[in-house]
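Residue numbers (my numbering), protein chains in the order written: chain A, 1 to 570; chain B, 1001 to 1266.
Worth flagging that the hints you see were computed from the coordinates, not collected in a lab. Every residue gets a Cβ at the ideal spot worked out from N, C-alpha and C, and that includes glycine. One should not assume that every hint holds.
Said to hold, decoys possible - So the derived label-pair ranges between C-beta atoms look like this:
(1) A:A481 x B:V1011: 47 to 57 Å
(2) A:A481 x B:K1070: 32 to 42 Å
(3) A:K41 x B:M1001: 50 to 60 Å
(4) A:S415 x B:E1036: 46 to 56 Å
(5) B:P1224 x A:E292: 39 to 49 Å
As the list claims (entries may be wrong) - Taking lysine-lysine and the PhoX-like style, the derived pairs with C-alpha atoms no more than 25 Å apart in a straight line are:
(6) B:K1265 x A:K417
(7) B:K1223 x B:K1252
(8) B:K1075 x B:K1189
(9) B:K1252 x A:K335
(10) A:K417 x B:K1029
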Amino acid sequence: MSEYIIKNGHVFDPVQGIKGDKKDICIKDGKIVDKVGSSAKVIDAKDKTVMAGAVEIHAHVAGPKVNLGRIYRPEDKLFSCTPTKGKERMGGGASIPTTFKTGYEYAKMGFAVAMEAAMPPLFSRHVHEEIRDTPIIDEGAFPVFGNNWFVLEYLKNHEIENTAAYCAWLLNVTKGYALKVVNPGGTEAWGWGLNCLTVNDPVPYFDITPAEIVKGLIEANEYLGLPHSMHIHPNNLGNPGCYETTLDTMKLAEGIKAKNKFGREQVLHLTHTQFHSYGGTNWGDFESKAKEVTDYVNKNKNITIDTGNVTLDETTTMTADGPFEHHLTGLNHLKWANVDVELETAAGVVPYIYSPSISVCAIQWAIGLEIALMMKDPMRCYITTDHPNAGPFTRYPRVYKWLMSEKARKQQIESFKHKDKVLSQTAIGTLDREISLYELAQMTRAGPAKSLGLAAMCGGLKPGMDADVAIYNINPDKPVANPDDIEKAFSRCAAFFKSGVQVVNNGEIVSNGNKRTLWVNVKAKENPQVARDINEKFVKYYSITQANYEALGHHFVPNPYAIEVDATQV
Amino acid sequence: METVTITMKNVPALYLEAETISPDAFAGKNAAQIAELPVFEGNVPSTLGKYFEVSGNAGATAADTKIVVKGDAKKVKYIGFKMTAGEVVIEGPADQYVGAWMKGGKLTAKGDVGAFAATAMKGGELVIEGNAGNYLGAAYRGDWRGMSGGKILVMGNAGSDTGMYMLGGEITINGNCDVHVMTHAEGGKVTIKGNAKSKLGGQMVDGTIIIFGNIDVMMPGFKPNGEVELEVDGAKAKFAHFIGDMGERHKKKKGAIVYGNLYKKI
């Protein structure tokens, strides 16, 4: 492999505490190294910003639900197709881009890793086929557990060991990365036409509460010592007053300490926090509770969050929270697609337009930004748009602009039709904090990498780490003249190296890289009861046999990177 | 106003996607520059000049530009695509997407046009002196935003699915109409001077259909609502009034429920 030396750039690396100092970064054999030989190719990064490759902790980028969105929204591809160009294959789609466009767009913004946030275990093969077809970026996928019949049955009796054994088995056969929970119990309840809107609403038939599911899965996660924590989309998403459910959910993690060898400190990751920080009793008195939610997270160090910023675009919402999507189609009357995944989960898809002239959308925009600006520790708050739910991931540079420039926020607020309502229902007008480049590197690189248990591999520029290096056209020595320059610079890297291979040059794709599928290989204690239960469920209930369930082999995971976890000794 | 005449000299073997035949794309260009404008024949990029003889220079702006399309354009799609001003006259027939996404100006097709004419039209005027194909003034596939403004006049007949997801604007058809008129519509008006087949106003939330001829099969979701006298194009006549589609959601305006209206001449 080639050697590179990136000279004269302003380096921002929270892993080593480098805050914009001029430093050379050396790359050899796919890794960051201390020094390279004289034959190394020199990349001049003078007056530019150098960061590690960014890490996406939560996005819906692969799998049946994403593809359902692509299929039933041909209008999303209208006027958004790009033809074949150099190394780039053709692509299309705005909120639900094709797999190829997904990989290219992430790479052009300097992303090295992206996590698919909700994998239906039964369709893990489909998820992995799409991951395989998404070039350049390393990806992992979180199988969903919060409405899974095995989990509900084991946790009803608080059987942590059995739950953990089942989780380990499922991660292995689906090549999954972490334990994801979506509307715990609520999606299953919806099979009975019900939902769980608080952590104490019982799930019909299973007679278990969301609180028991959440707590049990946190304990199972720590029992196994997985790299990432339990990753939750709590109950009652998107409803006025939902912040109370959010606080109740987070309180379930109180007193639980992280137990793992990956340097992860949190036991609960609360995702798309914006959708869970609403006060009020209806859409008329709808207000921000970002302060209440972030106050709690600021105090409780065993929790990390991501923002879920609304980008004010037309987009496609998609979630395993089936009842929520049904609720949403009733609000906006746009087309609704719904899928039930036997024994495991469900999903819904509805297009949505976050219009700046609708007060609720403008308030949602403000809440997402408030959360990022109110969080004291950028290492525990990561920027997401819950792609494509609050907006497409391609809008990250615009979110960075709003976070890094009070002027940009003020301009946006001024342009809202219901500006006064935004200011009265949120605190966005009182926040003068501007996220620095160093904090941005914490929120988009070092932080999410640590939360995912990947701190030794990515998110930083320390020798020994993967050589994922992004160079941006921003000179930190000069004040930003126009906030739009921030958006422009982060939209297209000057150069991007992924695992030591230059994949982007001047914003153009120059290589399709060497993408990997990240998954967690858990060695757990033999558990004959769980093995028997799995066998029985396949014989009795599943519409496929156990032999057809596993995502394995070259076809599904052609370039795997397994993170080994040994849970046989616990 | 400057006039550019483009005359078909080499009929393409495959269908030509000519999104550039619009006053907006021609504006400010001379004949030679217009001949260089990009088109696709099938999936192969090409230029307008390969198929058309171009004569005359365009005006400085779209509003100052008139385009006359002569010869056999039966295999040409997207004439007048996204036009905002100016004028286009198609002297013979044309294929799909005539005046699609048009916002302004006037487009006259003297022959027949294919399907999807005036897809998601926002403004301007489209006159089709021949027959229109299916999906006239409809939404793009999958979209829920059909024609929202402007006027369409069809002197001949129209195909199926006229005004699907229509939100505003007016369509007048002097001849007959095939099945599905204003399906899912939330506004706008379609006037049919001839006969219609079936499924008029299916899942219609708001909007108006006026029909002078016969309807083969009425939608069961429409309910009689008395008789009214209406003035259409300066002539008064009596119409039976129906409201619907009763199976669909309906908005309230000032306390009253808003329905789709269907008026059939008595």
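Which numbered hints turn out to be false for this structure?
-> Of the numbered hints, 2, 4, 5, 6, 8 and 10 do not hold.
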